[in-house]
Structures are given as structure tokens and as C-alpha cells.
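Asker: This is what each chain is made of:
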Amino acid sequence: MKFIVLKKNLKDGLRAIERITDQNSNLPILKNFLIESFDNKIKISATNLELAVTSYISGKIIENGSLTIPLHFFNSIINNLQTEKINLESENEKLTIKTDNYQAEIKGIKKDEFPIIPKIENEKFYLEINNSILKNSLSSIVNSTTNENKPELNGVLFDYQDTLIKLAATDTFRLSEKTIFNTQYNSNIEKKFKTIIPTKTIQEVIRGLQFEENNNTSIFFDQNQILFKNESIEIISRLINGEFPDYSQIIPKKFETEITLNNNELVNAVKLASVFSDRLNEVKIIIKENAKNIEVYSAGSNLGENKYLIPAKISGSPMEIIFNWRYLLDGIKNLTSENIFLGINNNNKPALLKASEEISWFYILMPIKS
Amino acid sequence: MLFTPEQLWQSALSEIELQISRPNFLTWLKNSRLIEKKDTGEILIGLSNNFAKEWVENKYHKLIFEIIKNLDDSIKKIEYSVIGAANPSFEKISLESIDINIGQLTFPEFKVDPESGLHPKYTLDSFIVGSSNELAYAASLAIIKNVGKKYNPFFIYGGTGLGKTHLIQAIGNEIKKVYKNKIQIKYVTCEKFVNDVVNAIRNKRMEDIKNKYRNIDVLIIDDIQFIGGKERSEEEFFHTFNVLHENNKQIIISSDRPPAAIPTLHERLRSRFEGGMAADITYPDFEMRMAIIKTKLSQMQKNLPDQSIQTIASKVQRNIREIEGILNKILFYQETKGVDLQSKIIEEIISNTIHRVDKKVTPNQVIKAIANFFEVLPEDISNHSRRKKVMEPRQITMFLLREMLGMSYPDIGDKIGKRDHTTAIHAYEKIANEINKNQSLNQKILLIKDIIYESC
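Residue numbers (my numbering), protein chains in the order written: chain A, 1 to 370; chain B, 371 to 826.
I should point out that these hints are in silico values taken from the structure, not numbers from a laboratory.
Quantities reported herein were computed from a predicted structural model and do not represent experimental measurements.
In this text, a Cβ means the ideal position worked out from N, Cα and C, and glycines have one as well.
Watch out, some of these pointers could steer you wrong.
Far from chain B, some chain A residues (derived; all Cβ distances over 12 Å) [unchecked claim]:
hint: 1; residue: 66
hint: 2; residue: 91
hint: 3; residue: 98
hint: 4; residue: 115
hint: 5; residue: 131
hint: 6; residue: 211
hint: 7; residue: 234
hint: 8; residue: 267
hint: 9; residue: 299
hint: 10; residue: 300
With a Cα cut of at most 20 Å, we get these calculated SDA-like pairs of lysine to any residue [to be verified]:
hint: 11; chain 1: A; residue 1: 369; chain 2: B; residue 2: 480
hint: 12; chain 1: A; residue 1: 194; chain 2: B; residue 2: 578
hint: 13; chain 1: A; residue 1: 194; chain 2: B; residue 2: 636
hint: 14; chain 1: A; residue 1: 333; chain 2: A; residue 2: 355
hint: 15; chain 1: A; residue 1: 150; chain 2: B; residue 2: 478
hint: 16; chain 1: B; residue 1: 707; chain 2: A; residue 2: 370
hint: 17; chain 1: A; residue 1: 191; chain 2: B; residue 2: 573
hint: 18; chain 1: B; residue 1: 400; chain 2: A; residue 2: 22
hint: 19; chain 1: A; residue 1: 349; chain 2: B; residue 2: 482
hint: 20; chain 1: B; residue 1: 582; chain 2: A; residue 2: 193
hint: 21; chain 1: A; residue 1: 191; chain 2: B; residue 2: 582
Isolated chain A, as found in the complex:
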């Protein structure tokens, strides 16, 4: 194997795969990543046996070949090189890195020992979606997942229906749901299905899509795997076995108090409140009888207290309710619209947060017991 590559391209490729390697596995080769050069392409892959990421890099190929190399070790060398062009050459199980004024030889392991990256059984049926829509949709819900003891909640529900896709995630304290309508994607999958995609996979997809906003990504499924594929990256992952909780029953349908208010104001208020809030992260929202504004209040036992008034359109009964400000902010920050709708029931029922003009996303949050 022999090729010349620009340092920037190599680094972009490495960034896409660097979090995948498994440092604590029984199998030492999982610390390595695989470089292959063939057909005028350079391909690098890493896996932790739950998901595998493959990234394509452009470069000048002189000789085809392959080798696996310890990723972190290789990364620290590349990050410290100053030159633009890098020559890479392998012979037997050794890789030589060469620039104008630097040369290193590192030991690798041959490709035969590296796990074979699985394929999707049938690539005939897939859906195609714009990268930025996919990335934004996934980002808007991935915060709500949890890694606690429930495997089915350590992932995002992918609910494929006739004319839309619903994505949902919850950690039992809050839940977010995003709907993607079929005007935003193309698909030849006919059957409805539901599956759960691991959180880690979602995070890698979001990271991998960062630079290519205008292209499309295709998504393929088989019984226990999902594949995201575009020109520069391929991510294949297992799916989670289990049943996502039926959350339709927890979506509040009526509210005792309905509030419409400015997005930025609420973000500011919650951030300011967070300064005073102590370890419990409490922030209180107070709605008085016939008021034209809501009060965002927080106090720390050793610090003092503060309150922030936000003008708002309010209907319904007066109310005092406490939230964890982190969870509240996690929800608000996914909203880009100018006005936000907040529907509250009472101290022990879920509240609902969404954009006031838009319906594709909502967030349900349980209050803190007062």
C-alpha cells in the first residue's frame, strides 16, 4: 500500500472514526483501525463490534494494499505534523509515515485479523433523506435518551409509518418526539415498522454528517442492523432489541394553564435562574391570577434569590411549578421559532413544550415534586 494524502483530508476522516475504537476489549485489535487503498480510494474503518464506521478520503494512490494500525497512536502523530502532504507506505506489517522532514515507522497488524464489517442483507429497500434534515431531526431528540439500566431507552425510536417517520427518545423524566413528513424524504419501503437505534450510533451519525449539509444519506435496514450511507461515510450498527414504551398515553391533551411567550426571553430567564439554583437544579415558574407575565424564580440557600419576568399570553388558572432547569433548557434549545408554547397541568403531571407555529416537534417534561 502506498499513497499521498493531504493532512486535512486525513484528519477529517480520522475524526469520523476516532470514537469508535474499543479500548477495553478482550480483543486487542479493536484498538486499531483499518486503512485500505484501492480503486483510487482510501478507506478507513473502525469498529467496536456494535457499530462500524467507514470513511472515504481522497488522495493519490500509488499502490493498493491494506493494514491495521493503533488509532490513538497514529492520531497523535498526524495531529502534530506540520506539513500539508503526507506519504504513507506499508510493507509487511509496518507502516511508514513520511513528510519532507519527518519519518516514522509504526507496527501494525495485518487485515486478516480485523473484524469483517457486516453488510445489510438486502439493499433494495431504503429511504433517502437530506443530510441537514436528518442531522437536525436526530439532534433535536437525542438529548432525551438515557444510559441507565434500561436498554430500550438507551436509543431512539424509529417509527416508520405510511406517510411519515416519528423519532422519539425518553429517559422517563422527559420525552421528545420529532416527526419527519414524507415530503422531506424519498423511500421505497412499503411496510410500516418500528425499531430502536442505539444512542451512540445516533451521536456518530450526527457527527459524521456535520460537514456535508447539502448531500443526501441513504438508510437501509435489516432485521437487526441499520446502515447509514453517503458518499463520504458509512455507519452500520446493531439495533436494540426491545419494545419502546407506548408513550401516546402520556402526551397531555388538555392543559390547565397555557402560556405563549418569546423563545429568547425564556432561554435567558432559565439561564439566569440556573446561576442561583443549587445542586437540585430547581427553577420555579409562577403564574399569578390574571397576570400578563410569568415569573421565573430560583433561589440557592447560600446565594440568594432572583426572579425574571417575561411578558406572556396566558390562559387558564394560576400555577406554581418547579422544573429541573437543565431539562427545561435541553428542550427549549431545540426550538428555533420566535414563540414557544408551554402547557402545564399541575405539580405532578407532565408539561408540554413546543413551537407555537410548528407541529413537527414537541417535548414533554415531568416537574420536580414540590
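Once you have looked at the hints, place chain B on chain A.
Answerer: Coordinates of chain B only, in the frame set by chain A:
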């Protein structure tokens, strides 16, 4: 030498282990098992993930095939597939995250295990056993030991709020615990089952129902009495019942009355329900109510003086769920007022909670309901005929007038054909005595009460 399929794969594994490195063995073949052995000499091996499948197929197939062939030369072909891998465990829960969430409420519905439908709060440990439910409890223990073989189906019946749901869910949870998820359990309420059937009919996907309810090891159905009269659901349930029962899968059913007393239930289902073990749960006695209140208090980590507990136990006799509600109320009073409550206030709270309905009932409504139930004329109840047909209704009337309305004996005697008060006392005592011995009488009286409450 002949192996069972499991032994065959186990001995193959121990040979493979010698030939490949330990990390490789652990990574690729741990959690593998033999899924199926066909008569045609094909075997199907399940591996933990797709990576393992690719690897074993490409690198170890030859080795495995040789080893297996040596052990059993009838094997002609080996196939591999991915089994629902054990999901990675998430044992690291950082202390910090627990700290942050003090007081943070969770979606209560999510506590239910989505696969089995069981709520973890119902455990056998928190189920209080007394004379009123010891038969049902003992049968439950036998079932847990011997799933599907001992009492099948197991039918529990008893009035509302006596712990049927608690017991059947606890059986489910205990089975889950003992057999470590090797046994598939499904708990549904009758309503859910009916809804599933209706949805399946609407979407023309009856096979969904079959997949969902026939591939399990334990089926628990709550409040089966509601299935009566729903033809299609009954039929579907009948077939499901047969399939499960034939395959020795455990079926557990609860109802508020015995199978014979469920109106509009088809004969074929009724006889099947009666075919296994039927156990009833009756009203708890005083000591048991005391024990229940004490357990509830310790679960809530609260305290009440013994005097108050005794008051509650002696006043609330019929419904354990009501005990819970009353306890909550009393504790709320105690916390907000900050003082120990006198038994007078407690009595007031109790009577506000449970006697609400009774006040609206009039003696004439009681008489009318009973006359209707026994198909006699209301006049017959108060006249002086001594035919057997009207004797029982008459005595029950006097009993219920005393019990539900708290009328005095002279008043009751006066109302029922100007009789002497001793006649009323005799009738009351006779029925009160009989009710504990005679289940069918008890059942009748419960039904009559339902009718009376419905009519007002």
C-alpha cells in the same frame, strides 16, 4: 454416542476453545447457542452479533464443521444466525446523576415493563397472607415452582379491591425473577385484549394477535368477566386458551366472580375456566387488616399511633384499596395540621370516604332490588307467607337494611310486614353467619348490592 443438541454444541465449544485464543473465543463465541437441529442434518447456530456471524462464517467455519462432524457424523451442514443479543448492561450509574434527580418525577406509566406489562410494585413480599386468601396464595406458590404443570388454568376470583391484581401480577414478577427472563410472560387486562382483537380485525391483521398471545409461556389476564358478550374476542381467547393449554403454558385469570356467575360467557369457556384450579379471595379479617395497614405505612415510611390503626382496621372492612385511600387522607391531614389526630377525626374521614353512597339508598330501593333479583313481588317480601321461595329474600332484605342503612331492628321489623324486632335480629344474625360459610350466598349478596348501587 448420542448427544442432545445442547450437549453437542457444548462439547464442540470446549474443543474449539482449545484451538483458538481466549480473546477470540470470548469475543466471537461467547453467548452462542444451538438454535435448531433438523433431521436433515442441518444445524443452526445463534451468535451474539453480526460481526461474530461474519467472522465465524469466514474464519472458523471449517474448524467448527470438522469438530461437529467428529462428534456427530449425521451433521451435513451448519448455518449461522444472529440471536437477539444480550444487550450490553449499563451498570455504571454515576452517583451524580442520582443526586441531580432528587424529587424529579418520572412518567409513571413507564414503570410498567413494556414486554410483559407487569408493574414491578406488585411483589409477593408485599402481599399479605391471611385466612381470606391463603388458598389463592398457596396455589400461586405452587404455580411459581411448577409453571404450567400444576394448576392450569389458575382462576382467582373475589370482590373489588381485595388484591386479585396484586396477586396475579406478583406471580408474574416472581416467575420473571426466579427464571431470569427465560420464561416469557404477558400480563393484559381484559380490556386491552379486547382492544387488540378489535384493532386486528380493523387492520385485517389477525395473525398479529396470534403471534402476540400464542408465543408466550405465561398468560395473565385480569378482569376476564368483561369478555362476556364480546363474541369475536371470546372466540379468539378460546383458541388462544386452547393453544396455550395444550402446550402446557400457564394461564392465570382473575375475575370479580366465579366462572359460573359471569353472565353471557359461553359454556365452552366457562367449563375451561373451571377445569384447573379456582381459588377465591374473600374479605380480610380484623388482624389481617391491621397487618395490611402496618405494611402500607412502612412502605410509605410513615407512622401512625396504634390506636388510629385499630380504628381504621375496624371501620374499613370491605375494600383494601379504600384503606390505602383513607391512609393517604389521614397522613395528609396529619402532615398539614402537624398534630396527631384524634380517633374522632379519623372516624369522620373514614365515614366521609366510604358511606357516601349509602346515604342515597332508601329501604324501598333495597326491597325492590331484592324482589327483582329473586323474581318475587315486592309485596311478597313484606307479607306473612312462609313459603321457602320468599323466606330467603326476606331474610336477606332484613340483613341488608341493617347492614347498608343501619336501620334499627324495630324499624326493620316494622317495615317488613310489621314483624317483631326479634325476627329481624334472627334474620340478620342468620345471614351474617351464613355469609362466611356459604360462598354462593356471599356472591348473591354482592350482586344484589351492585344492583342497588347501580339503581341509585
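Asker: Quick check for students: does the CB of residue 299/A sit more than 12 Å from each CB in chain B?
Answerer: holds (15 Å)
Asker: Please verify whether residue 194/A and residue 636/B have alpha carbons no more than 20 Å apart.
Answerer: Violated, because 37 Å separates the two Cα atoms, which is more than 20 Å.
Asker: Take the C-alpha atoms of residue 400/B and residue 22/A, compute the straight-line distance between them, and say whether it is at most 20 Å.
Answerer: Roughly 18 Å separates the two Cα atoms, so the pair holds.
Asker: Is the claim that residue 66/A lies outside the interface with chain B correct, judged by CB distances over 12 Å?
Answerer: Residue 66/A is indeed farther than 12 Å from all Cβ atoms of chain B, at 16 Å.
Asker: Is the claim that residue 300/A lies outside the interface with chain B correct, judged by CB distances over 12 Å?
Answerer: holds (15 Å)
Asker: Is it the case that residue 211/A keeps its Cβ farther than 12 Å from each residue Cβ in chain B?
Answerer: Label holds. Min Cβ-Cβ 28 Å, cutoff 12 Å.
Asker: Is it correct that the beta-carbon of residue 91/A has no partner in chain B closer than or equal to 12 Å?
Answerer: Since the minimum Cβ distance to chain B is about 25 Å, residue 91/A lies beyond 12 Å and the statement holds.
Asker: Is the straight-line distance between the alpha-carbon of residue 191/A and that of residue 582/B 20 Å or less?
Answerer: Distance ~19 Å between residue 191/A and residue 582/B Cα, so the pair holds.
Asker: If you draw a straight line from the CA of residue 194/A to the CA of residue 578/B, is it 20 Å or shorter?
Answerer: Holds, at roughly 15 Å.
Asker: Given the hinted pair residue 191/A and residue 573/B, is their Cα-Cα distance within 20 Å?
Answerer: holds (13 Å)
Asker: Take the C-alpha atoms of residue 150/A and residue 478/B, compute the straight-line distance between them, and say whether it is at most 20 Å.
Answerer: Distance ~15 Å between residue 150/A and residue 478/B Cα, so the pair holds.
Asker: Confirm or reject the statement that residue 131/A sits farther than 12 Å, beta carbon to beta carbon, from all of chain B.
Answerer: holds (25 Å)
Hint violations for this structure: numbers 4 and 13, all remaining hints satisfied.
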